[in-house]
Amino acid sequence: GNSVTQMEGPVTLSEEAFLTINCTYTATGYPSLFWYVQYPGEGLQLLLKATKADDKGSNKGFEATYRKETTSFHLEKGSVQVSDSAVYFCALSDYTSYGKLTFGQGTILTVHP
Amino acid sequence: NAGVTQTPKFQVLKTGQSMTLQCAQDMNHEYMSWYRQDPGMGLRLIHYSVGAGITDQGEVPNGYNVSRSTTEDFPLRLLSAAPSQTSVYFCASSSGSASGIYEQYFGPGTRLTVT
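Quick note, the sequences are listed as chains A and B, same order.
Here the first sequence is numbered in the working numbering, starting from 1 and rising by one per residue.
Here the second sequence is numbered in the working numbering, starting from 1001 and rising by one per residue.
Just so you know, these hints were derived from the structure itself, not from any lab.
Glycine included, C-beta positions come from ideal geometry on N, C-alpha and C.
Watch out, some of these pointers could steer you wrong.
Claimed, not checked - Only some residues are given here: those of chain B computed to face chain A with a beta carbon under 10 Å:
id: 1; residue: V1004
id: 2; residue: M1027
id: 3; residue: Y1031
id: 4; residue: Q1037
id: 5; residue: G1042
id: 6; residue: Y1048
id: 7; residue: T1071
id: 8; residue: F1090
id: 9; residue: A1092
id: 10; residue: S1094
id: 11; residue: G1109
Unchecked claim - Distance ranges between label pairs, derived from CB positions:
id: 12; chain 1: A; residue 1: T51; chain 2: B; residue 2: V1012; range: 37 to 45 Å
id: 13; chain 1: A; residue 1: S58; chain 2: B; residue 2: T1086; range: 35 to 43 Å
id: 14; chain 1: A; residue 1: Y39; chain 2: B; residue 2: D1026; range: 19 to 27 Å
id: 15; chain 1: A; residue 1: S14; chain 2: B; residue 2: N1062; range: 42 to 50 Å
id: 16; chain 1: B; residue 1: T1086; chain 2: A; residue 2: N22; range: 27 to 35 Å
id: 17; chain 1: A; residue 1: T70; chain 2: B; residue 2: P1008; range: 37 to 45 Å
id: 18; chain 1: A; residue 1: K68; chain 2: B; residue 2: M1027; range: 25 to 33 Å
id: 19; chain 1: B; residue 1: V1012; chain 2: A; residue 2: G78; range: 42 to 50 Å
id: 20; chain 1: A; residue 1: F18; chain 2: B; residue 2: S1095; range: 31 to 39 Å
id: 21; chain 1: A; residue 1: G61; chain 2: B; residue 2: M1019; range: 37 to 45 Å
id: 22; chain 1: B; residue 1: Q1017; chain 2: A; residue 2: T5; range: 35 to 43 Å
id: 23; chain 1: A; residue 1: V82; chain 2: B; residue 2: T1015; range: 38 to 46 Å
Stated by the list, open to error - Derived contacts from chain B toward chain A, CB cut-off under 8 Å, selection only:
id: 24; residue: S1033
id: 25; residue: G1058
id: 26; residue: P1061
id: 27; residue: E1103
id: 28; residue: F1106
With the sequences and hints as input, model every part of the structure.
Spelled out as C-alpha cells, the structure:
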C-alpha cells in the first residue's frame, strides 16, 4: 500500500534561516504529491503540489521537487518567517484512490524572531 | 462560496453517547472524505464517498458510520463514543479529474473529546 514518511520534528528555526523538511514515499504507480500546511487552530490548506516526476511545486516561497528516483518530495524555503510557524504535512494520492490522501505524520515548525 | 463547512467546532461526549458530525460543501464536488488527526500520526482516513449513495471504508472505520444522500452533505456518525475517539475530525472534498489529479479542500475541523 501507499505510505509517506516525514522527518521527525519538531523543527525550531530563527527567522531568515533555511528550511528543509524531508518527505519520502512508497506508492504503486505514479502518485501525485502534496504539501499541506495547518496553521494553529485551523484546517489544512494546500501549500503546493506536483503531479509527475521532476515537477517542481512552489508557493509562498516554498518549493518541492518530485524525485521519482529517490521517491522523495522534500519541502524547502530559503528564508523562513515567524508567520511560517505551522504544522506541515506531506501527502500523496494516486488516480486509483479517487483523491484519497495518504499523509505523513506531520512536522511542527516553530520560527523565532 | 463557503467551501467545506463543519459543525460543531467543539464537542464533549460521555462514553457511550452517540452523535453526528456534520459536513457540507457547496462546490459540487463528487468526492468527500472524513479524516481524524491524532498527534504524531498525521491524518488517517475514516470513510469516503465517490458520489451520492456510494460510500466505502478507509483506514480506521470502526465505530463510525456514514451515508451520502446528497452531493452536498456527508455526515459522520459516532455510534457509541469511546475515549479512543477523542481526536480532531476533518472533512474534505474534491472534484474528479480526467488527469487523475485531485486537489482536496478541507473544512476547519471538529475537536471531539470523549470522557
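Provide an ascending list of the numbers of those earlier hints which the structure does not satisfy. 2, 7, 26
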